[in-house]
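Now for the letters of each chain:
2 protein chains.
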Amino acid sequence: MPHIDNITFVTGNANKLREVQAILSPAGINIRSESLDLPELQGTLTQVSSEKARTAANLLKCPVLTEDTSLCFTAMNGLPGPYIKWFMQGLGHEGLNRMLVGFDDKSADAVCTFAYCEPGKEPVVFEGRTRGKIVPARGPTTFGWDAVFQPAGFEETYAEMDKDIKNTISHRYLSLQKVLDFLKA
Amino acid sequence: MPHIDNITFVTGNANKLREVQAILSPAGINIRSESLDLPELQGTLTQVSSEKARTAANLLKCPVLTEDTSLCFTAMNGLPGPYIKWFMQGLGHEGLNRMLVGFDDKSADAVCTFAYCEPGKEPVVFEGRTRGKIVPARGPTTFGWDAVFQPAGFEETYAEMDKDIKNTISHRYLSLQKVLDFLKA
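Sequence order for the protein chains is A and B. Mapped onto the numbering used here, the consecutive letters of the first sequence carry residue numbers 1 to 185. Mapped onto the numbering used here, the consecutive letters of the second sequence carry residue numbers 1 to 185.
Derived from the structure by calculation, the hints contain no laboratory data. A virtual CB, placed ideally from N, CA and C, is assigned to each residue, including glycine. Honestly, I wouldn't trust all of these hints.
Stated by the list, open to error - In silico negatives: residues of chain A with every beta carbon more than 12 Å from chain B:
#1 Ile-23
#2 Asn-30
#3 Gln-47
#4 Ala-75
#5 Pro-80
#6 Lys-85
#7 Gln-89
#8 Asn-97
#9 Arg-98
#10 Val-101
#11 Ser-107
#12 Glu-160
To be verified - Pairs of lysine-lysine residues, derived as DSS-like cross-links and limited to a Cα-Cα distance of at most 27 Å, are as follows:
#13 Lys-121(A) to Lys-16(A)
#14 Lys-178(B) to Lys-121(B)
#15 Lys-166(B) to Lys-16(B)
#16 Lys-133(A) to Lys-106(B)
#17 Lys-61(B) to Lys-163(B)
#18 Lys-61(A) to Lys-184(A)
#19 Lys-61(A) to Lys-133(A)
#20 Lys-106(A) to Lys-184(A)
#21 Lys-106(B) to Lys-106(A)
#22 Lys-106(A) to Lys-121(B)
#23 Lys-85(A) to Lys-133(B)
#24 Lys-133(A) to Lys-16(B)
#25 Lys-166(B) to Lys-85(A)
#26 Lys-106(A) to Lys-163(B)
#27 Lys-16(B) to Lys-178(B)
#28 Lys-61(B) to Lys-178(B)
#29 Lys-163(A) to Lys-61(A)
#30 Lys-133(A) to Lys-178(A)
#31 Lys-178(B) to Lys-85(A)
#32 Lys-163(A) to Lys-106(A)
#33 Lys-121(B) to Lys-163(B)
#34 Lys-85(B) to Lys-178(B)
#35 Lys-184(B) to Lys-85(B)
#36 Lys-166(A) to Lys-85(A)
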């Protein structure tokens, strides 16, 4: 419970900043952003996020929030997981589906990990997880792997969903709610 | 051309140390080893290796050699590449084959990257690459993914091959030859 009212969110993405502000500002937490090119480690989701937040807090010398996204295929024991960025870049939407052709289980978790860290302290990690499955791309293909992820209980992919609905079930939203609970506790 | 005769090879593996010594010692280069648990970055093969060697040289304050192994599936645009360790751990030999069921091209490169670095200097990276293909596991399954990699021009997998033959065509051998050429130049 850090009684903190100024936090730097490490992102170069104005949309992400707005989304974080929309949830945290009403609780009296002032969020500004800074774009930093931080090294990303290999490891578990928690390790990758923790080390990024620790590095950012030590560099910026202030409380920081970082965010990571993973896509974890059940049949592949949680992989590509934190490496999904490279697989999306290298294989595209069709390739992500092809990777699963040899597996019966097409289910996957979309995972968002926010990490909060103050300089010299241990990072705290908040994980939001949305169950779903990998499907052939449907909807706009402009935003990462949204077009191939269909959340459980819905007929649309993330890319096809109404944004207001997506924002109440998404892995990012679930993770951010945990951040909010922590910061206002 | 670093006229260096003492190098620390960062490994906890006595077999790897012996292999490196067998090739570099006759050239008058004295190799000792040190086991270090170094962070591994995400990125290209060259980035991953360079940063590991740079970190090790700065920590140990002496010239170092580090080694990384990748397995690059052609159909997957070089992936899993530097992340093969996680895929081998998470999926096993059968899973690596299953990942390729949806792709016609089963070819792959086994890649070994040695990096040499002196404290405060830029790392030099040496890549050895052996072409081959991914096959259902044959031979002893004790050494990483050797049982599913069949080098081009051979009927045996790495795991089935006579060690003396494997050692003259392997990605490690090819990379280490480049290290030798560099160090004795």
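Hints, one by one, checked against the model:
no.: 1; hint: Ile-23; in the structure: 28 Å, holds
no.: 2; hint: Asn-30; in the structure: 31 Å, holds
no.: 3; hint: Gln-47; in the structure: 9 Å, violated
no.: 4; hint: Ala-75; in the structure: 8 Å, violated
no.: 5; hint: Pro-80; in the structure: 8 Å, violated
no.: 6; hint: Lys-85; in the structure: 8 Å, violated
no.: 7; hint: Gln-89; in the structure: 8 Å, violated
no.: 8; hint: Asn-97; in the structure: 7 Å, violated
no.: 9; hint: Arg-98; in the structure: 4 Å, violated
no.: 10; hint: Val-101; in the structure: 3 Å, violated
no.: 11; hint: Ser-107; in the structure: 15 Å, holds
no.: 12; hint: Glu-160; in the structure: 24 Å, holds
no.: 13; hint: Lys-121(A) to Lys-16(A); in the structure: 25 Å, holds
no.: 14; hint: Lys-178(B) to Lys-121(B); in the structure: 19 Å, holds
no.: 15; hint: Lys-166(B) to Lys-16(B); in the structure: 14 Å, holds
no.: 16; hint: Lys-133(A) to Lys-106(B); in the structure: 26 Å, holds
no.: 17; hint: Lys-61(B) to Lys-163(B); in the structure: 35 Å, violated
no.: 18; hint: Lys-61(A) to Lys-184(A); in the structure: 22 Å, holds
no.: 19; hint: Lys-61(A) to Lys-133(A); in the structure: 40 Å, violated
no.: 20; hint: Lys-106(A) to Lys-184(A); in the structure: 38 Å, violated
no.: 21; hint: Lys-106(B) to Lys-106(A); in the structure: 22 Å, holds
no.: 22; hint: Lys-106(A) to Lys-121(B); in the structure: 47 Å, violated
no.: 23; hint: Lys-85(A) to Lys-133(B); in the structure: 25 Å, holds
no.: 24; hint: Lys-133(A) to Lys-16(B); in the structure: 42 Å, violated
no.: 25; hint: Lys-166(B) to Lys-85(A); in the structure: 34 Å, violated
no.: 26; hint: Lys-106(A) to Lys-163(B); in the structure: 40 Å, violated
no.: 27; hint: Lys-16(B) to Lys-178(B); in the structure: 16 Å, holds
no.: 28; hint: Lys-61(B) to Lys-178(B); in the structure: 24 Å, holds
no.: 29; hint: Lys-163(A) to Lys-61(A); in the structure: 35 Å, violated
no.: 30; hint: Lys-133(A) to Lys-178(A); in the structure: 24 Å, holds
no.: 31; hint: Lys-178(B) to Lys-85(A); in the structure: 32 Å, violated
no.: 32; hint: Lys-163(A) to Lys-106(A); in the structure: 24 Å, holds
no.: 33; hint: Lys-121(B) to Lys-163(B); in the structure: 36 Å, violated
no.: 34; hint: Lys-85(B) to Lys-178(B); in the structure: 24 Å, holds
no.: 35; hint: Lys-184(B) to Lys-85(B); in the structure: 32 Å, violated
no.: 36; hint: Lys-166(A) to Lys-85(A); in the structure: 21 Å, holds
Hint violations for this structure: numbers 3, 4, 5, 6, 7, 8, 9, 10, 17, 19, 20, 22, 24, 25, 26, 29, 31, 33, 35, all remaining hints satisfied.
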